[in-house]
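Here's the letter readout for the chains.
6 protein chains.
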Amino acid sequence: MNGLIEKANVLIEALPYIRTFFGRTFVIKYGGNAMIDDELKKSVMLDLILLKYVGVDPVLVHGGGPAINEMMGKLGKKPTFVSGLRVTDEETMEIAEMVLAGKVNKEIVSLISKYGGKAVGLSGKDGNMIIARKKVVVGEDNQEIDLGHVGEVEKINPQVIRILSKEGFIPVISSIGVGYQGESYNINADSVAGELAIALEAAKLILLTDVEGIYEHPDDPKTLISALHIEQARKLVASGNISAGMIPKVEACIRAVENGVARTHIIDGRTKHSMLLEIFTDKGIGTMVVA
Amino acid sequence: MNGLIEKANVLIEALPYIRTFFGRTFVIKYGGNAMIDDELKKSVMLDLILLKYVGVDPVLVHGGGPAINEMMGKLGKKPTFVSGLRVTDEETMEIAEMVLAGKVNKEIVSLISKYGGKAVGLSGKDGNMIIARKKVVVGEDNQEIDLGHVGEVEKINPQVIRILSKEGFIPVISSIGVGYQGESYNINADSVAGELAIALEAAKLILLTDVEGIYEHPDDPKTLISALHIEQARKLVASGNISAGMIPKVEACIRAVENGVARTHIIDGRTKHSMLLEIFTDKGIGTMVVA
Amino acid sequence: MNGLIEKANVLIEALPYIRTFFGRTFVIKYGGNAMIDDELKKSVMLDLILLKYVGVDPVLVHGGGPAINEMMGKLGKKPTFVSGLRVTDEETMEIAEMVLAGKVNKEIVSLISKYGGKAVGLSGKDGNMIIARKKVVVGEDNQEIDLGHVGEVEKINPQVIRILSKEGFIPVISSIGVGYQGESYNINADSVAGELAIALEAAKLILLTDVEGIYEHPDDPKTLISALHIEQARKLVASGNISAGMIPKVEACIRAVENGVARTHIIDGRTKHSMLLEIFTDKGIGTMVVA
Amino acid sequence: MNGLIEKANVLIEALPYIRTFFGRTFVIKYGGNAMIDDELKKSVMLDLILLKYVGVDPVLVHGGGPAINEMMGKLGKKPTFVSGLRVTDEETMEIAEMVLAGKVNKEIVSLISKYGGKAVGLSGKDGNMIIARKKVVVGEDNQEIDLGHVGEVEKINPQVIRILSKEGFIPVISSIGVGYQGESYNINADSVAGELAIALEAAKLILLTDVEGIYEHPDDPKTLISALHIEQARKLVASGNISAGMIPKVEACIRAVENGVARTHIIDGRTKHSMLLEIFTDKGIGTMVVA
Amino acid sequence: MNGLIEKANVLIEALPYIRTFFGRTFVIKYGGNAMIDDELKKSVMLDLILLKYVGVDPVLVHGGGPAINEMMGKLGKKPTFVSGLRVTDEETMEIAEMVLAGKVNKEIVSLISKYGGKAVGLSGKDGNMIIARKKVVVGEDNQEIDLGHVGEVEKINPQVIRILSKEGFIPVISSIGVGYQGESYNINADSVAGELAIALEAAKLILLTDVEGIYEHPDDPKTLISALHIEQARKLVASGNISAGMIPKVEACIRAVENGVARTHIIDGRTKHSMLLEIFTDKGIGTMVVA
Amino acid sequence: MNGLIEKANVLIEALPYIRTFFGRTFVIKYGGNAMIDDELKKSVMLDLILLKYVGVDPVLVHGGGPAINEMMGKLGKKPTFVSGLRVTDEETMEIAEMVLAGKVNKEIVSLISKYGGKAVGLSGKDGNMIIARKKVVVGEDNQEIDLGHVGEVEKINPQVIRILSKEGFIPVISSIGVGYQGESYNINADSVAGELAIALEAAKLILLTDVEGIYEHPDDPKTLISALHIEQARKLVASGNISAGMIPKVEACIRAVENGVARTHIIDGRTKHSMLLEIFTDKGIGTMVVA
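Protein chains in written order, with this note's numbering: chain A, 102 to 392; chain B, 102 to 392; chain C, 102 to 392; chain D, 102 to 392; chain E, 102 to 392; chain F, 102 to 392.
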């Protein structure tokens with residue numbers, strides 16, 4: 102019976118958080134190990150479904166670099182990266198879009214359904230949701246580098262997401278954008294998540310990664326930062342004292358915070374139910390970037 | 102971190118139950134120690150609020166015998182009971198109504214508010230909600246005994262409850278009925294809860310008591326019955342092998358089950374969060390009466 | 102037939118008033134003889150129901166001093182007043198709340214129902230409707246006097262009233278407030294009515310009393326004032342030339358007028374159907390306080 | 102003051118009727134002196150507006166024989182009647198339609214507006230509301246007589262009326278029907294009113310005439326019948342002991358009663374506010390035809 | 102098959118216009134030959150119905166001078182005009198109203214119905230839609246000339262039109278206004294159409310006439326002006342180099358454009374489907390007056 | 102000008118069809134040349150958008166055999182077919198899903214957007230829309246042949262389509278189904294279109310092919326059948342006198358007709374705007390299968 106009462110206490114501990122976030126939108130960037138390991142996948146899906154039932158409107162954004170690489174490999178193409186950005190020629194774009202919107206996205210939708218939720222998968226083309234432009238990348242020689250279909254968000258049309266969320270579905274979104282001429286763009290998923298959080302006036306932006314959070318010293322796990330003001334976050338990025346993969350995440354958080362998203366979180370997707378822990382327990386986990 | 106994951110697992114364990122009961126009504130009879138002990142009171146209120154947030158519409162029904170007795174004492178009146186029913190002359194009725202609708206009811210409303218919920222207190226007179234008739238009680242000599250304002254439910258008009266539930270309030274209801282001439286009736290709260298569960302097409306009727314549930318042998322706690330079919334329940338009542346106070350509870354369950362309430366529960370209000378435990382854990386507690 | 106035509110003319114005389122007040126809210130403070138005499142009670146209830154049917158949303162506010170005194174007497178407590186305010190210790194507060202919310206309120210609800218209307222009784226605790234604070238009372242020696250649970254309105258949350266009015270019910274409200282800690286407050290009912298009129302953007306505030314209205318000279322019935330501008334009303338209060346019981350009424354009217362309630366009325370509740378006469382006849386009765 | 106209380110009593114006497122008819126539709130056939138005398142006109146308009154404000158949805162149907170005759174006279178045409186039906190050649194139809202829909206109808210609309218109501222005038226062509234067919238009239242020689250555009254109701258499309266009533270307007274309807282080829286038909290207005298009452302599931306059909314009601318002996322005003330069962334009404338029509346002009350009225354009532362209209366009334370339009378008197382006083386006036 | 106493909110191309114050519122005007126209101130002034138010739142009538146009705154089905158809300162305004170003249174003739178009255186305005190004494194007003202609202206209006210309603218649409222005919226009295234005042238006309242001697250019931254628009258209450266349009270009906274409106282005393286006014290239909298276009302925030306005002314459009318030189322058809330800025334339009338009116346009948350049309354266009362109606366058109370009603378051609382083809386026809 | 106009038110006539114010819122199909126759903130199977138040729142693609146997209154604007158709710162279903170074959174080729178896999186069905190092992194299924202949902206689907210969505218419409222692409226997994234089971238295929242030796250992930254429709258959940266259609270989007274659906282365990286199924290797109298038409302209570306099912314329709318004698322274009330009753334259609338299938346690729350189309354039509362879809366059409370997607378021609382012209386094209 103004591104065990105049972107412990108359980109009840111956990112539910113009760115969640116109550117103030119449920120109350121706070123009732124009717125609000127959370128944008129979650131899904132990636133890393135949490136997209137590979139079966140147990141973690143299940144844990145993320147259950148977390149999303151629970152959020153939906155307690156009155157939160159979760160919106161899931163995903164990329165899928167490894168799956169794109171794998172398919173490129175099968176097709177005899179070698180992935181190339183410049184400054185961490187995938188060089189995306191026409192053929193690579195086509196592969197990326199197929200893999201993200203046709204494979205990864207639908208697998209997630211199917212998993213959510215399997216665990217009892219209702220989901221609809223979308224790419225940025227659906228409902229003209231993510232309007233994108235070519236990303237201008239400048240090399241060390243100050244010359245523009247042509248990375249092909251690498252894009253950045255120009256404008257978000259959130260209507261489809263709103264409709265589907267309101268009708269009880271969890272929208273699952275591939276980080277593909279569409280240009281004004283109908284051309285496809287490959288966009289960083291952290292950045293897409295951040296822009297969606299802004300457009301949807303989300304209460305939280307949550308980025309799942311494969312580290313515990315942001316470290317003061319990248320190599321020292323004991324220096325995990327719990328809360329980071331955007332001022333400090335900007336300095337950290339400028340300092341170079343931060344891993345390359347973390348930079349777009351921190352930047353997405355900064356932009357979201359600057360544009361009205363009250364709380365942004367970089368959390369460890371390798372921990373089961375890390376989302377729930379962040380949201381519904383008194384302590385929270387990972388690094389929070391706030392104003 | 103392990104502790105945290107345990108917590109998350111508890112939330113996840115609740116998910117299938119949340120899904121099942123989303124949008125459904127639960128009628129809860131509140132009484133006994135859970136109405137006296139401050140910790141238990143708090144625990145019941147938090148449970149109700151949590152239920153409301155995860156999409157259930159809880160409706161609370163309460164009596165208040167001890168508080169009525171106390172006020173009668175202060176006013177120099179001595180409570181009298183026949184077959185467990187309070188002899189309710191005009192003056193007693195007035196005291197009962199004042200105590201239930203003016204004191205007990207408003208304290209509960211105030212507590213729910215204090216712990217973060219929104220409640221509205223009602224008696225059966227409000228919105229003509231509980232239409233009652235005089236209860237006919239026959240003594241051992243086959244003569245009718247006049248117990249005054251002791252009533253039973255004639256008809257439920259659930260409109261007010263529906264409106265308030267829909268608008269986010271938890272209705273809190275005193276077990277007072279009103280006759281066609283506007284006269285007040287004192288009605289057993291278990292019975293009121295059962296009739297409301299039927300009228301509201303509730304998914305669950307939950308009766309909080311001061312025992313663990315129904316025992317096969319009233320004096321032997323090891324004989325607690327987990328699930329009881331209404332056939333067996335009827336036999337148990339007929340056998341006399343059941344405590345007097347338990348009879349109206351079991352009868353309320355039987356009537357509710359017969360009229361479409363799928364699950365009815367007699368649970369131990371002395372256990373903190375007993376409601377949550379019954380609803381959201383795989384094991385459940387107390388005695389369930391089902392078809 | 103002539104008698105019949107007279108009747109029709111009366112209905113027609115009411116038409117322009119019906120048109121003017123269609124869809125508007127009236128807050129009515131009920132008290133005095135109109136709460137004691139059976140014929141007057143019936144007359145008030147019928148007036149309320151008629152108002153509801155012709156498209157007005159009446160909201161009834163009541164106190165109940167005499168009933169509180171009577172119950173205190175039965176319980177061996179002696180009512181004490183300072184500057185017309187009831188000294189309200191914990192026990193008195195409990196009695197007041199029981200009597201108002203549990204007895205007086207439900208009797209009114211039951212009467213409205215008996216005469217064909219639909220009512221719901223509420224106290225300021227329901228839906229956290231009347232948030233109150235302790236009233237600071239300063240004695241002649243400039244020292245603060247502790248009157249216990251005597252309160253004044255801090256804030257009105259009119260949501261419950263709006264919902265119930267819209268669904269066809271007449272809200273009946275006890276002048277009990279609730280503090281931020283859940284504690285009860287005894288508030289002057291005239292003042293509660295005034296604040297509700299402001300919060301509900303009422304078209305009229307009507308205070309039923311046991312005099313014809315405000316007299317220029319309190320002892321001379323021939324000096325009844327038909328219409329009083331708030332400027333004059335303020336002077337009258339300041340002059341001391343006004344009865345003690347009338348002061349909170351006039352002040353409620355002044356505050357209401359200052360906060361957007363176009364018309365406020367102090368009328369004679371001893372006259373049958375005085376409300377209707379004020380509202381639906383060309384002449385009106387009692388004293389009107391206006392900007 | 103006594104006079105005032107009398108007035109209030111009249112309003113209160115109306116209350117049970119207001120309650121009964123709240124939200125219901127009344128179809129009123131307007132004609133006779135009530136359409137000619139200015140005071141009577143005003144009285145009818147005020148009655149309609151009052152009905153609208155107390156929650157009834159009045160629908161007014163009018164003919165206009167005298168106005169048609171007058172216009173025909175000006176145009177040098179002589180009205181001819183066969184069995185009380187106007188012989189309606191093409192030209193007469195055009196005149197009738199112009200007079201009814203363009204003059205009489207708009208005058209009524211304008212009057213309602215003048216006295217404070219909102220009205221919209223319609224003919225049976227608007228929204229294809231009154232679909233009509235040619236009325237077959239057989240002479241004494243058993244030969245069909247061609248009366249031209251004299252029609253009878255084939256089908257009612259009440260959509261426009263419902264929309265306008267719901268939005269607060271009083272629909273005013275000319276008794277013009279339209280055939281499947283778009284041709285116009287002149288239909289008896291009593292009959293149109295009856296069919297509209299059926300189609301709108303009206304609570305009452307009220308026919309205003311220039312007599313007090315139906316007499317047992319047409320020439321003896323002392324034999325006015327207060328209530329008539331349709332059985333008796335049929336016999337009365339068959340007996341021939343009834344005036345020619347009264348026959349279509351009685352038949353409209355019989356058909357309406359047979360098709361679900363609970364109460365139908367033939368009342369004296371020469372009495373001011375006769376509608377109100379019928380509806381809102383305990384005694385009622387004229388003759389009621391019921392099942 | 103080539104013919105078929107041509108047909109499809111025509112539909113497709115219309116698509117961008119359909120998209121642009123979806124959900125917008127068009128006010129169309131109907132008059133001239135298009136109201137006389139049967140083929141043209143049919144063509145206008147079909148155009149209206151098609152507009153309605155492709156998502157436009159057409160509102161038709163009509164006058165009917167020739168029909169009024171004809172009826173005046175039959176009644177032995179001679180039409181008189183001053184500065185192009187009909188001298189409208191009481192009797193003439195009555196005739197005009199009957200003819201417009203009772204004959205012309207209902208014929209149009211009936212035609213729309215015949216060709217498969219749903220229409221409701223209204224005059225400016227219905228729903229108090231067109232509030233008018235007496236038009237002040239000053240003669241050459243600077244003296245006011247009394248033209249009787251000639252009016253101009255004071256205010257538009259578009260509620261009835263909005264309701265009927267929303268419910269799928271095409272409102273058909275006679276150019277009759279109503280004064281504050283309920284008196285009728287005869288108003289120029291071009292002017293009524295312009296004011297309605299402003300009040301309804303119409304996307305287009307279309308005036309059907311019996312000429313191709315506005316000519317630079319009234320006598321030279323080769324000088325048809327396709328698009329006219331309101332500046333030029335004002336000069337053209339001032340120059341006197343424009344026909345008398347065209348002046349109120351141009352003025353209606355100018356006022357509409359000045360008050361937010363983006364496009365106003367004067368087109369040739371003698372051409373079949375001229376409305377469709379103007380709206381749905383790339384070239385357009387007639388003269389467009391724009392800002 | 103004559104040319105213009107011709108154009109208007111074409112629009113008017115479409116009117117009765119627009120009226121008939123207003124507010125109805127059409128399910129269109131898109132395939133063949135119309136999915137390859139750029140001009141035909143554009144023509145199909147414009148047709149869909151026009152349908153949407155004139156009040157029809159088009160739902161597009163597509164397969165994509167050639168694109169799947171091409172990707173398989175690139176990946177070094179050889180497509181195999183048994184009885185016209187693609188042998189679909191795990192890897193082929195993954196390729197098919199990627200190509201259909203990630204490439205073909207999003208290209209269509211993007212094209213609709215480019216030509217001015219609003220579209221959302223879905224696979225049968227989204228919203229659990231197309232529940233599928235493994236298709237049992239029996240070989241000539243009466244042995245079951247395992248074709249892997251070849252499926253058939255078990256159940257349609259049309260909620261997502263309904264929501265998106267209502268909100269102004271054109272749903273574009275890949276013929277991928279999902280099993281109760283979340284596994285993917287490759288389903289014939291004609292069959293998916295037919296089942297969707299049934300579930301959506303569509304007014305029309307339109308299958309675009311690369312032939313003119315059904316021929317009485319497959320090799321003789323002069324024997325094109327305009328209308329085919331399902332009886333005859335069944336005989337034609339049984340006769341073997343029909344091309345293999347046409348069989349699933351005819352069967353989809355038969356099943357749709359049997360289940361309430363009034364009209365089903367097999368039309369030539371090689372003709373520009375063939376959909377419009379079928380729908381909006383008096384003659385129609387292709388073969389219609391009806392009850």
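Some hints here could point you the wrong way.
One copy or two, it doesn't matter: identical chains are merged, so the pair holds either way.
[To be verified] Calculated pairs, BS3-like style, for lysine-lysine (alpha carbon to alpha carbon, straight line, at most 27 Å):
#	residue 1	residue 2
1	K323	K219
2	K143	K215
3	K142	K236
4	K267	K219
5	K215	K236
Hint data in this document are derived by calculation from the structure and do not stem from the laboratory. Computed from a predicted model, the values in this text were never measured in an experiment.
Open item on the list: If you test the structure against every hint from before, which numbers come out violated?
Closed with: 1, 3
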